[in-house]
Amino acid sequence: MLSALIGGALIGASASLYWTFNGRIAGISGILSGALLNDGQERWVRLMFLLGLFAAGVGFALFTNRVPAPTLPLLPLALAGLLVGFGTRMSGGCTSGHGVCGLSRLSVRSLVAVLTFMVAAALTVFAVRHMLKLWVPS
Amino acid sequence: MKARLIALGCGLLFGVGLCVSGMSDPRNIIAFLDVSGTWSPNLAGVMFGAIAVHASWLRFRAPRNPVNAQGSVPANGKRIDSALVGGAALFGVGWGLAGYCPGPAIVALGSGALGAFVFVAAMAVGMLLSEGTKWTIERSGKPSAIPR
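Each protein sequence line maps, in turn, to chains A and B.
The opening residue of the first sequence carries number -17 in this note's numbering; numbering runs sequentially from there.
The opening residue of the second sequence carries number 388 in this note's numbering; numbering runs sequentially from there.
What the hints contain is simulated information worked out from the structure, not anything from laboratory work.
In this text, a Cβ means the ideal position worked out from N, Cα and C, and glycines have one as well.
One should not assume that every hint holds.
Where chain B lies over chain A, by a calculated footprint (3+ residues, C-beta under 8 Å) [said to hold, decoys possible]: (1) 19 to 32; (2) 58 to 71; (3) 81 to 89; (4) 103 to 113.
Put together the whole structure using the sequences plus the hints.
Written out as structure tokens, the structure reads:
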């Protein structure tokens, strides 16, 4: 639990610095779609944020030799990716934009979004793992 | 140039936070969402830590007008519409299936796992499809909202 709190604090520090020095919300779904749709400086700033995330992943893989591998086959994984991409841009945020940043700003919209995606995700896990008994890790 | 360096540093810090907290591993996400299985409270701890730091910063330390304020700053609107709830529900289903939300998925690319690349590619397609749609469901019925 301590590592969760420390990791969370680092994420909160990142969101605070990004807001203070770049005047932007550190919401990853918005940063990714912004990198896809903008050009010039607006694209570059977002690409650099994404590069930082990626570099952290490379470092983690090198130092810990642990691969945070997905737990399901590629086809359902692609379907999940489509849903995450479509849904986050439809509702205007993900776990970081609505979750970390929106809740920190006491946004009512973000609170509704967070409660909705938490419940939908928990119901999905229950349906998939316990009712259909699919992709249960051994 | 400065904005790009800050973005790189913030992305790195964010990613390190995800790795340190274990949230870059989809199994830990599923473990939190699996309320009736072997539930793990860690994701709540990560959210608590992140919100405690960021909310305190916004409340006590952040300047009223941040440097380079230019990005899309949400107006903290109160309008709860079907796009907000429906989109969040779709995101939740995908999140529950894979255990990846956008941040950890980008971090997972760094591990070189094929599944992460498939997920991120599909996520990008989903984003482009969604951004191509105007999610102004409540407003679309009012002719006054359309500029003439």
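Quick one: which hint numbers does this structure break? Sort them smallest to largest.
Of the numbered hints given earlier, the structure breaks none, since each of them holds.
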